[in-house]
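Trainee: Sequence:
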Amino acid sequence: KRKRRNNKKIIRAVAVAAVLLGVLCVLAYYLNRAAEKRTYRLMYPDIVMEMSAEYDVDPYLVAAVIHCESSNNKEAVSPVGAMGLMQIMPDTGGWIAGKLEMEDYTEKQLFEPETNIRFGCWYLNYLSDKFDGNRISVLAAYNGGPGNVEKWLNDERYSQGGQLTDIPFPETERYIEKVQRAYEKYLTLYEKELS
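In this note's numbering, each residue carries its 1-based index in the sequence shown increased by 1002.
The set of hints was computed from the structure by calculation and includes no laboratory data.
Any given hint might turn out to be false.
List time: in silico DMTMM-like cross-link candidates among lysine to aspartate or glutamate, alpha-carbon distance up to 20 Å [stated by the list, open to error]:
hint : residue 1 : residue 2
1    : K1076     : E1052
2    : K1187     : E1077
3    : K1132     : E1152
4    : K1194     : E1109
Here are the computed distance ranges between Cβ atoms for each label pair [said to hold, decoys possible]:
hint : residue 1 : residue 2 : range
5    : G1024     : P1092     : 51 to 57 Å
6    : L1026     : D1093     : 51 to 57 Å
7    : N1034     : P1092     : 36 to 42 Å
8    : G1163     : R1040     : 40 to 46 Å
9    : V1028     : G1163     : 45 to 51 Å
10   : K1132     : N1074     : 25 to 31 Å
11   : D1048     : A1019     : 41 to 47 Å
On a predicted model such as this, the values are computed, not experimentally measured, just so you know.
Where a beta carbon is used, it is the ideal one built from N, C-alpha and C, also for glycine.
Given the sequences, and given the hints that come with them, work out the whole structure.
Mentor: Dropping the structure here:
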């Protein structure tokens, strides 16, 4: 009898430990997810969804670009003068405003989330059309300039079969890797918000 009681106590202890371990795993998962959401914030989901739909751009990519370009800071200005959430250069902003026939456009509008995300989505769509939807080329052009990407695609040292195989700008190469990682995070963390 004593042996049976001891076996039952051991079984109960193991069952309680298993349940506690399961609860701790679930808790750790949600705590980790909460921490990741603090790092990979989604500040303007409605605007991202609206503009990405309007310009046929992946909303997860838009969120990833915003994260990598400005850390979701609508008033960010880069050392070279790129402005706002998606870090639009003033000259590029003026060019896009002309393409969108915005007669009352001013440079300060690049700090407005709706305008900045609209311009960024329009530009991503433009680059996607220019580079046949190849995300690596699009991101390389977004960071390093479309003229450089065109040169790289025409140079066997950097491309094969119309695909970039090597990017001579280390900053652009790191940028692409960073956006790709952020893209995976946004895809996982914000499936409901951006689908």
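Trainee: Each hint should be assessed against the structure and marked as holding or not.
Mentor: To see whether the hints hold, each was checked on the structure:
1. K1076 <-> E1052: holds, 17 Å
2. K1187 <-> E1077: Violated: K1187 and E1077 sit about 24 Å apart, past 20 Å.
3. K1132 <-> E1152: At roughly 10 Å apart (the allowed maximum being 20 Å), E1152 and K1132 satisfy the hint.
4. K1194 <-> E1109: Since the Cα atoms of K1194 and E1109 sit roughly 34 Å apart, the hinted pair is violated (cutoff 20 Å).
5. G1024 <-> P1092: 51 to 57 Å: Taking Cβ atoms as reference, G1024 and P1092 lie about 55 Å apart, which means the hint holds.
6. L1026 <-> D1093: 51 to 57 Å: Hint holds: Cβ distance 54 Å, inside 51 to 57 Å.
7. N1034 <-> P1092: 36 to 42 Å: With Cβ atoms ~40 Å apart, the hint holds.
8. G1163 <-> R1040: 40 to 46 Å: holds, 41 Å
9. V1028 <-> G1163: 45 to 51 Å: Between V1028 and G1163, where Cβ atoms are some 46 Å apart, the hint holds.
10. K1132 <-> N1074: 25 to 31 Å: holds, 27 Å
11. D1048 <-> A1019: 41 to 47 Å: holds, 46 Å
The structure is inconsistent with the numbered hints 2 and 4, although it conforms to all the rest.
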